[in-house]
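Engineer: Chains as they are written, first to last, in our numbering: chain L, 1 to 302; chain X, 303 to 580.
Warning: the hint list may mix true and false statements.
As the list claims (entries may be wrong) - Derived contacts from chain L toward chain X, CB cut-off under 7 Å, selection only:
id, residue
1, G110
2, L125
3, G129
4, V264
Said to hold, decoys possible - Chain L is nowhere near these chain X residues, computed Cβ spacing over 12 Å in every case:
id, residue
5, R327
6, V491
7, R540
Don't read these hints as lab results, they were simulated from the structure. Backbone N, C-alpha and C fix where the C-beta goes; we use that ideal spot for every residue, glycine too.
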Amino acid sequence: MTATSRPAPAGTDPATTQATTAAAITVTRVDQVFNAGRSNQVEALRGIDLAIAPGELVSLIGPSGCGKSTLLRVVADLVEPTGGTVTVNGKSARQARIDQDYGMAFQQAGLFDWRSVAQNIELPLELAGWDRTRRRARSRQLLELVRLGEFADHRPWELSGGMQQRVAIARALAVEPPILLMDEPFGALDEMTREHMQAELVRISAETGTTVVFVTHSIPEAVFLSRRVVVMSARPGAITHIAAIGLGARTEDTREDPAFFAAVTEVREALRGRIGAKATATATAKAADADADATAIAGEER
Amino acid sequence: MSTPTLGGGSSTPVVATRGRPAWARPAIVLPPVIVGVVGLVGWELVVDVFHIQKFLLPKPSAILDAFVENRTAIWTGARKTGWVAISGLVVGVFVAVVAALLCSRSKVLAGVLTPLASALAATPIVALAPVYFKWFGQVAPTAKQAVVVSVVVFPVLVGTARGLLDCQAVHLELMRTYAAGEWRTMREVRVPNALPFFFTSLKVASSLAVIAAIVSEYFGGEQGTLGGVITQSAGLSRYDRAWAAVLAASILGMGLYALVSIIERLALPRHRPILGVG
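Model the full assembly from the supplied sequences, consistent with the hints where possible.
Structural biologist: Here you go:
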């Protein structure tokens, strides 16, 4: 099991070294302890190792409190890990944040009440120095994408929770960041919109080569979206299994594909703790034929 | 009335009704007017029926007569008192907002200023009016303005600082992911977030300003102010005139409150309506 194989000297494993140079995001032996030394101490993450390739869509899944959101926040440099290192596009997480290498969508929509829907989407564009005309055009385009074209001039509080969440997703996509960090962004959406947004995310990632790290509670969602599903366990938060999903191009029929159900079952079994590192080896070997890209990264799991 | 949707999966947007303004809607205007009229008529009748002495409680009609009769003196007084209240309010609000901005930027300053402001609030400032008159002199309005400033600072400081600091974590984190600096975060998040808090405290402060001005006038200073008219008339057993000056003072207070409400409405057209009445 990767999670507990500490301490391991850095750079001795050829697979890891290779992944580090090629990866968009590299997380190396990251620990996160909150309130260290106090009675309410929480070990949120222990010995997390993960490399994510450019253009890859990876989901983090696990029970509540397993640290998957914390892991995402560590990558985003919203939390500084108490141990280990994070590299994003070959830079420190902090430098990647300053360079705007990623866009983030949070669990809550977090829209500004004092801005219209379009102005909310345009905020990151304003900060990036886009002029008004380009901003308008881009927010129009994004509103169409999230199917809220006619709500551009509404106030956020006039929209339902699911609609607000779609605005927040449009905002995260606004500057076309090379990396998207998404923390359960589709949780508040109805089933049909959710499937639409999933298909759009897969399409955007494929067309633009955007790397996506996606935190979710939903097994089918994780399987549909991802090239790899990272399964985590709680207390302490650790990676127990990485399922490589060999489904090829996603279509409307993907959700009815027997391979889809097989992958769902694999992730469910992993969440129940029935499979761990050994089972992973078989799964990755099987997936290797279907998805060669994924294996290059998945094989690094020691 | 519009009710903002809070979460939930409903995809039906609830759009705020933008109908007639509140003051033009009978359902909103009539109840307080009826209560007011019934109250005044009841007051008049009670004084008549129970033969209440004029110096204990004059009839509303008598107060109105005195108001009209002494309109010149009352107008002069209202102008003097109004100037003290408004100028003191403006200075006090300025001081409070600057202090709140400093508090939001520095924990050390917040640690120094917050207890200081609390101590100021716990002090019966109007009781200090005689001391202020000694410091600033009897003739100039400075002593009374100083009382108003002292009374206004605390609520505005506390309200504004709360609004600047009490932002949604997700908003602050979002600005962090944008690598936005302190100044930009202040402009985009903290200040807009603080505006409703600021105006709420400003409404409290505007009423306090008029009260502080009048009470400090009881202790001395220039003649012919509203506070002066009240004390002088009461001293001469001209209770109807004293009550007329009180009426003027409450009109002044309400006027200032209304002015703040209008400014609030102009400054915050985009904010979520807090009550259905908007």
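Engineer: So which of those numbered hints doesn't the model satisfy?
Structural biologist: 2, 3, 4, 6
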